[in-house]
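Protein chains in written order, with full-length UniProt numbering: chain A, 1 to 471; chain B, 1 to 399.
Calculated directly from the structure, the hints in this document are not laboratory data. Glycine included, every Cβ here is placed at the ideal spot set by N, Cα and C. Be a bit skeptical, because a hint or two may be false.
Which residues of chain B face chain A? A partial, calculated answer using Cβ under 8 Å [as the list claims (entries may be wrong)]:
1. G142
2. L150
3. N171
4. G181
5. G182
6. Q389
7. A393
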Amino acid sequence: MAPWFTRSRNIAHHVKRNMGSFLRPAPTLGDSSWSRSPACLGNSPALLWAGRLESTRAQKLVDSDSENDAHLRDDDQAIDFPGGRVMLTSEMQFIPGYPQQRVHCYRLMNNNGQTNMCSSFEQVSKEVAVKMYSDMITLQIMDTIFYEAQRQGRISFYLTSTGEEAINIASAAALSPDDIVMAQYREPGVLLWRGFTLQEFANQCFGSKADYGKGRQMPIHYGSKKYNYFTVSSPLGTQLPQAVGAAYSLKMDNKDACVVAYFGDGSTSEGDFHASLNFAAVMEAPVIFLCRNNGWAISTPTSEQFRSDGIVVKGPAYGIQSIRVDGNDALAVHNVVRAARQMAIHEQRPILVEALTYRVGHHSTSDDSTKYRPVDEVKHWEMGQNPVNRFRKWVERNGWWSEEDESQLRSSIRKQLLQAIQVAEKMEKPPLADLFSDVYDVPPSILFEQEQQLRETIKRHPQDYPSDVPV
Amino acid sequence: MAAIFQGIGAAAALPSTEKFHSQSRRFVSGSLFVVRSDGRPSLGSSPRSRGAQHLITNAVAAKADASATSTASKPGHELLLFEALREGLEEEMDRDPRVCVMGEDVGHYGGSYKVTKGLATKYGDLRVLDTPIAENSFTGMGIGAAMTGLRPIIEGMNMGFLLLAFNQISNNCGMLHYTSGGQFKIPVVIRGPGGVGRQLGAEHSQRLESYFQSIPGIQMVACSTPYNAKGLMKAAIRSENPVILFEHVLLYNLKERIPDEEYVLSLEEAEMVRPGEHVTILTYSRMRYHVMQAAKTLVNKGYDPEVIDIRSLKPFDLYTIGNSVKKTHRVLIVEECMRTGGIGASLTAAITENFIDYLDAPIVCLSSQDVPTPYAGTLEEWTVVQPAQIVTAVEQLCQ
Chain A
1 MAPWFTRSRN IAHHVKRNMG SFLRPAPTLG DSSWSRSPAC LGNSPALLWA
51 GRLESTRAQK LVDSDSENDA HLRDDDQAID FPGGRVMLTS EMQFIPGYPQ
101 QRVHCYRLMN NNGQTNMCSS FEQVSKEVAV KMYSDMITLQ IMDTIFYEAQ
151 RQGRISFYLT STGEEAINIA SAAALSPDDI VMAQYREPGV LLWRGFTLQE
201 FANQCFGSKA DYGKGRQMPI HYGSKKYNYF TVSSPLGTQL PQAVGAAYSL
251 KMDNKDACVV AYFGDGSTSE GDFHASLNFA AVMEAPVIFL CRNNGWAIST
301 PTSEQFRSDG IVVKGPAYGI QSIRVDGNDA LAVHNVVRAA RQMAIHEQRP
351 ILVEALTYRV GHHSTSDDST KYRPVDEVKH WEMGQNPVNR FRKWVERNGW
401 WSEEDESQLR SSIRKQLLQA IQVAEKMEKP PLADLFSDVY DVPPSILFEQ
451 EQQLRETIKR HPQDYPSDVP V
Chain B
1 MAAIFQGIGA AAALPSTEKF HSQSRRFVSG SLFVVRSDGR PSLGSSPRSR
51 GAQHLITNAV AAKADASATS TASKPGHELL LFEALREGLE EEMDRDPRVC
101 VMGEDVGHYG GSYKVTKGLA TKYGDLRVLD TPIAENSFTG MGIGAAMTGL
151 RPIIEGMNMG FLLLAFNQIS NNCGMLHYTS GGQFKIPVVI RGPGGVGRQL
201 GAEHSQRLES YFQSIPGIQM VACSTPYNAK GLMKAAIRSE NPVILFEHVL
251 LYNLKERIPD EEYVLSLEEA EMVRPGEHVT ILTYSRMRYH VMQAAKTLVN
301 KGYDPEVIDI RSLKPFDLYT IGNSVKKTHR VLIVEECMRT GGIGASLTAA
351 ITENFIDYLD APIVCLSSQD VPTPYAGTLE EWTVVQPAQI VTAVEQLCQ
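Chain B on its own, in the form it takes in the complex:
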C-alpha cells in the first residue's frame, strides 16, 4: 500500500505558544515522497506474528462517508503522527475498559507532546492519570496495576527520564511474569519520545533502546510514520507482554494519510520501505528519513538500495532481514544509537551469526559517536548520521 506523506513543514497544524527556530530543513518543504511498503500478506509460517497486517488491496474503494478532507476522493484520513498515536490509544481505550494511561501531565495538559490530548476529558481523571514526578514509582505503579488486571500505558515525558525507572523495568516488568511462574502477567506499554531532537541538550537526547535491549521479557518497537505509529500502538496495547514503544521527538508532526478502517500491525515485523537490489539498508525511527533522502541521491547515481525499517528492535525480524541479505549480499545499518552497544551493534552480530555466507562485504554500521549529544546546533548535527555519510557508505560498500 502506498503511503504518501509530506516532509515536515506543516507548521500550521501545531497549536503552540512556542517560537520555532528557523532551522535549515532536512527536507525540501512541500516535497512528496511516495513510499511503497511491502504488500505481502501476514506470515502464515511465522507462528509469532501477532495480528495480521490489514491491507487495502483496492486503493480506489473508499467508504462512501470517507472523512471530509480537501482531497475527498482519496481513501483514509490525514493526520499527524502524534494524532495517529492518540487515535490508536483512543480506539483501544474504547475497546477495552481496562486500558488506562499514566504519566506526568498526561491528563488535562494532554501530554507534553499532546499524544493524550482530550483523553482525560473523555475518560476521566482516573483512567488518564497524572502522576507526581517519580518515574521509577509510577512505572512501578503501572506494573502493580497490570498485575492486578489493568492494561496501563506508561508515558515517559522523555525516554531519557525512564533511566530512573530502570529498576522497575528490568527487575520487575521484564521478570515478574517469569519468576511468578506465569501467574502474574504484565501487559504494560511504556512509551515516550526519545532520540536526538533540536538542541535539547544531552539529557534530553537519549537513545534508550540500546540500554534496554538486554532486558529479558520485554519487547521493543520503534515507530516512524503515522501509519505504523497507530498500528504499533494498538498492537502494543493488545500484547500480553510488556512493550516499550519508542517514539522520536522530531517525528511527531509528520503528516500521512492513514486508512479509516481499523488495523493492527505486528510487533515483530520489519517494514519494507523501498525494495531494491544492490544493498540492504537497515534503519529505524528518524534515521529512516535520512536514509530515504540518501536513497534519492543514490538512485540518481545509479544505485538501487533496499531500505528496511526494522521497527521491531527486540526481537529483530530476521526473516525479512535475512531475505533481504540473501538478495543483495551487502548490509548497511543506519542508526541514531551510540556506536558502542547500540542496536546496530546487536544487529550486526545477529546478521553475521545467521547470514555470514550470504555477505559479500563486511556489514557497515553508521551510528552516532560515543559522546553525549552536544547542545550547539552544528555539533549536534554531526553526532547524527547525515544523508551524505549514508551515500558515501553505500558507494564504498558497493565497490
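Bound conformation, chain A alone:
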C-alpha cells in the first residue's frame, strides 16, 4: 500500500518554500484573528513572473506592441513577489555585513552616577532604588562567599555574576511577579529580587533536603515555581524555545504577563536562538529576549563568536524590535526592560534587548580566565565600570543611602550567608527515595525494582553507604 503523500523534504520542501507564503496572505500586524485564506494556486499573477530574469524583462520593454504592455509599466517600479511588494532598483548594492556606525547604546547614568539632564525617564522610587541597591550588594556578597565555599571544597561548583549585577537586579525590578523567567545560569539576582532567601540559595548549592530541586541538580541550577523562575538547565539556549512556548501559553490565556529569556553572547550561536527569535516573531509571542553580552564565552571572545555588530542587529533580521543598552547602568536597564515589557504585552510581540557588559569573574569555578585574557582588562572593568558602584553613587546622591547603611548591610548579609551555609551544610541530604521519585509521576515497576535492589545492597553493605544520607 502506498504511503500517504509525504512532504518529502527534498522535493516538496523546495516547492513549498517557493509557493508557500503567497498561497496565504501575509498576516498583518494586529491581526488577531489568525485566519488565513485557504490555499489556492494560480491566484496571484506573481506566479507567472516569479522566475523572470532582468534580461527578458528588458527585452519585453523594447517590444512595445506586446499585449502585456500595461502590466509591464506597473512592474517597472515594484513586483509582488511572495512575501510582499518590493521596489526595484537598477543599482547593484550589497548591504554591508557590518555597519559604518555601530548601533548606539542607551545609557542614562554616567560612571559617576549622574544622569543626563536632557534624558527623560520614569523615576525610580526610593523604595525600589534602595531595594535594587541592597540586592546588588547581596548578590555580590553571595557570589564572593559561595565562590570561596567552592574553593574550600564545601560545594562542588559555583558560577558568579560579578560585573552583571545591574542586569540581574535592574531587569528583575522592572518585571511583575507574574512574568515568567527563563534564565541561563548567570541570573540568580532575578530570583533574589523576587524573594528567594539566602538559605534557599544555599540549600540548592549544597543539595540539602530542603532544596526545592531535591538535590538533583548541580549548584546554581535554581528553580522556583513560586517565583515563576523555571529550573535552570545546563545546555545553552534550550530555554529560548521554551520561553516562546511559555509565551504562547500566556498568549492563549490572555494573561497580563510576558516571558523574559536571559542568555549570553555565546548562546546566540546555538540553533535554538535563531529558531526561537523566528518563532516568537511569527507567533507574535510576548517574550523579551535579554542578551547579556559580556564579551566572553568561557575563553571565546565575541570576535570569535560572531562577526555581526553584536546581538542587537540580529533582531531586525527576524522582524523583532531591538535595543542596545549599557548593561552596567542600572537605571537604563530598568527603563528599557520596563518599556520592553509594555510593548511585549500590549502589542503582543517579542523584543530583543542586548545589554552590553563585562564578565569580571571567571566563567565558573572550573575556569581560570587569566589564562586567556589580560588581568588589567579585567581590572579596568572591575574598578572603572563597576555597575554597583555607579548605582551607589546615584542612590547616595539622592540622599537615599549612606556609608553607615552600606557597612551595616554588608556585615548583616555576610553574617546571614555564613549562617545559611552552615545550616545547609549540616542539613540532611535528600533521602534515597528521592533518587527514584519524579522521574515519572508514579514510579513504574522497573524503577521500583531498581530501588529495591539498591536498598538490598545498602542493607548488605551499610559501611559503604554515607552516614549522613537518610535511606
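Once you have looked at the hints, place chain B on chain A.
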C-alpha cells in the same frame, strides 16, 4: 472484544492527488482477519495502570442511534487509523481546553498524514499551531508551554526528524520534572509517523524507538490498530508524563470498527492479539501484521503461536509478557528496529533477566539488519522481517 479490520486495500477513502505505485500487497485485498484481543479486566493488582480498558461486554447491545453505516446492525463505527487518531485528539481537545497541537503543517494543511485535518478550522490557528521548520525549537516550545500549564501534542512530520529534537527531548523533556524537584511537569505528547515505508529512503525510514528508549523520564508507546491508536492517543494526552507515541507510515489507512463509547487504554499494557500455547511472539507496530500473516501459515502447519503486541515500549509490560512466557516457554521477538540496540535487544535482556527459568530455548529476535534502509524496493523488502522468516524461526524454535 473482537475487532474486525480489513487488510490495507481501501484506496477509495484516501483523498489524495498522489499516484500510488502498484506494489505487491502483503495482504490479500479484501481478506478479513478476526482478531481477538484479551478480554481481561483492568489490572487491579497493578497500581500503575492508568485508565481502565473499557470493554464492550455485550457485542449486540448497540446504541439506538449508532452511526449510520452500511452495516448498521453492528455496534461502533468504522474508520481509518489516522481518523481514529484524529478522533482521539479531537475528543481530548474538546474535553480539556489546555490541549493544543503544534508542528509543521498541522494547521490548515491538516498534517502530512491528515491526522490534524479540520482541527485548525474548529479550534483556531493558535490551538493548532503551524510552526517554522526547527524541530528542536518547536519541541522546546512545547516543553515550555507544558511547564506553563498547557498540554501540547508535538507532531514530528516524520519521526526521523525528531533526531533534531533529541536535545530537547533528552535534556529537558525527560529531565526537568526530576531536576526541578517535581515543581514543573511536562505532560507533552510527541507523536509522528516512523518506521520503514514504501521506498522513502533511509532518512525517512527511521525507527527512533530504539534511540529514545534509554532516556529516563519519558514513556513510549506504539499504536498498531485504529482501536489502540485512539485509546493510546487519549491516554497519552491525559498522562502527566511526557509520552512519545510512535505511529507507522504504512498503517495510517487501516480500517477498523471501533466503539462509539469513549474509551482510554492503558499506556503500560500489552495487547493479547492471539492466545496460543506453543510459542510467544512479541511484536509491535507494523510487524504485528507480518506476524499475524505468518500465524496463518503456522496454524495451517499445526502450530499454535501466542501473539502479543507489546504496545508499551517503555516500560515493558512484563506482567503480560511474563505470563505468556510461563505458559509457552519459548519466545520470538519480531521487530522493525535494527539488530543492535533495538527494542528487541532490550526486551531480550529484560525477559532473560526475569524469566530465564521458564525458557526452554534461547530467545530469538528477528530484527532489521544494521544497515540504512535502501531505496530500491527489493532491497528494502529484505531489510524488513518477512512472514516467511517468522515461520521459519518459529519452526526452528519449536523443534
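Worksheet item: Regarding the hint that B:L150 lies at the interface with chain A, is the smallest CB-CB distance below 8 Å?
Response: holds (5 Å)
Worksheet entry | B:G181 as chain A interface residue, shortest Cβ-Cβ below 8 Å | holds (4 Å)
Worksheet entry | chain A contact restraint on B:G182 - CB to CB distance below 8 Å | holds (4 Å)
Fill in: B:Q389 as an interface hint toward chain A, with CB separation required under 8 Å
violated (21 Å)
Fill in: Closest C-beta approach of B:N171 to chain A relative to 8 Å, hint status
Hint holds; B:N171 Cβ to chain A Cβ min 5 Å, cut 8 Å.
Worksheet item: When the nearest CB of chain A is found for B:A393, is that gap smaller than 8 Å?
Response: violated (25 Å)
Worksheet item: Is the shortest C-beta separation between B:G142 and chain A less than 8 Å?
Response: Interface hint status for B:G142: holds (6 Å vs cutoff 8 Å).
Checked against the numbered hints listed earlier, the structure breaks hints 6, 7; every other hint is satisfied.
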